[in-house]
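J.: Sequential numbering of the sequence shown, starting at 1, is according to full-length UniProt numbering.
Derived by calculation from the structure, the hints in this document are not laboratory data.
Possibly wrong hints are sitting among the right ones.
As the list claims (entries may be wrong) - Cβ pair distances, simulated, as ranges:
id	residue 1	residue 2	range
1	Q190	A8	41 to 47 Å
2	P61	A95	49 to 55 Å
3	A8	N126	45 to 51 Å
4	A90	V247	55 to 61 Å
5	E37	T124	47 to 53 Å
Using N, Cα and C, we set each Cβ at its ideal position, and we do this for glycine too.
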Amino acid sequence: MLRLSLGARIALGAIVAGVLAFMYVPLLLVVLNSFNEARIASWPIRGFSLQWWGAALASEPVRAAVGNSVAVGLGATAIALVLGTLVAFALQRHAFFGKQTVNLLVVLPIALPGVVTGVALNNTYNQLLEPIGIHVGYFGMIIAHGTFCIVMVFNNVLARLRRLSPNVEEASADLGATPWQTFRMVTFPQFRSAFAAGGILAFALSFDEVVVTIFTAPAGVDTLPLWIMNQMARPNEASVVNVVATVIIVLSFIPVWISQRLASERDGV
């Protein structure tokens, strides 16, 4: 066991405290400014009010942006859960020509800059599909998010499958279980936590996406990140943005808590 001197412990504690302050003090300022009665956020805060919370709750653009983000995130997550899991099983359980190439192509979208993916999909939708009468519209934005969300599920499920022993599945088959029964009662419970964790990561990645959304969102459709980006150019709307950001900060504790629970399940706690 490594033993540190008193001075080293104090220095290390100071560094950790500094890093945590750098990360969380800006979030605290956002929360405090959401209660700032001034129209234009300023520091120090001279008075507190709930007026901006009421304005945010009554704002139709905010509700529409949140609804769009949730709908796109859920759609992209559904695509990622299905395709990411299927590809993970294909690459882990089967040997075929071009296996490594398929692996590379699945992971590539997360490595590409978002602007490249956005431009490529925008050109495909506008120059290839629309001239032949296929208007992807809102669904095209969901597909665009799904292209990089698949990687989240794929990596999580593949890593878990590599650690599973095939002996349990073979025993299930020997006892007369059908392939579906074996998957439902034996295989799926063993990678369930990785499956759920990949879904959470996929939804979070989609909910937060800006660059790809700019190129693929239909005219007049804003997701929450796009709405926030547009409003930040208007100083008079900064207080409402702070309210929305505060709600997102609070809600972010939910997936973090779920991830902690999944990590405990994965470690056998």
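J.: Confirm or reject each hint.
T.: Structure-based check of all given hints:
1. At roughly 43 Å, the beta carbons of Q190 and A8 sit within the given window of 41 to 47 Å.
2. A beta carbon spacing of about 52 Å between P61 and A95 agrees with the range 49 to 55 Å that was offered as a hint.
3. For A8 and N126, the Cβ-Cβ distance of about 59 Å falls outside the hinted range of 45 to 51 Å, so the restraint is violated.
4. Here the CB-CB span from A90 to V247 is close to 40 Å, at odds with the stated 55 to 61 Å.
5. Between E37 and T124 the beta carbons are some 48 Å apart, a value that agrees with the proposed interval 47 to 53 Å.
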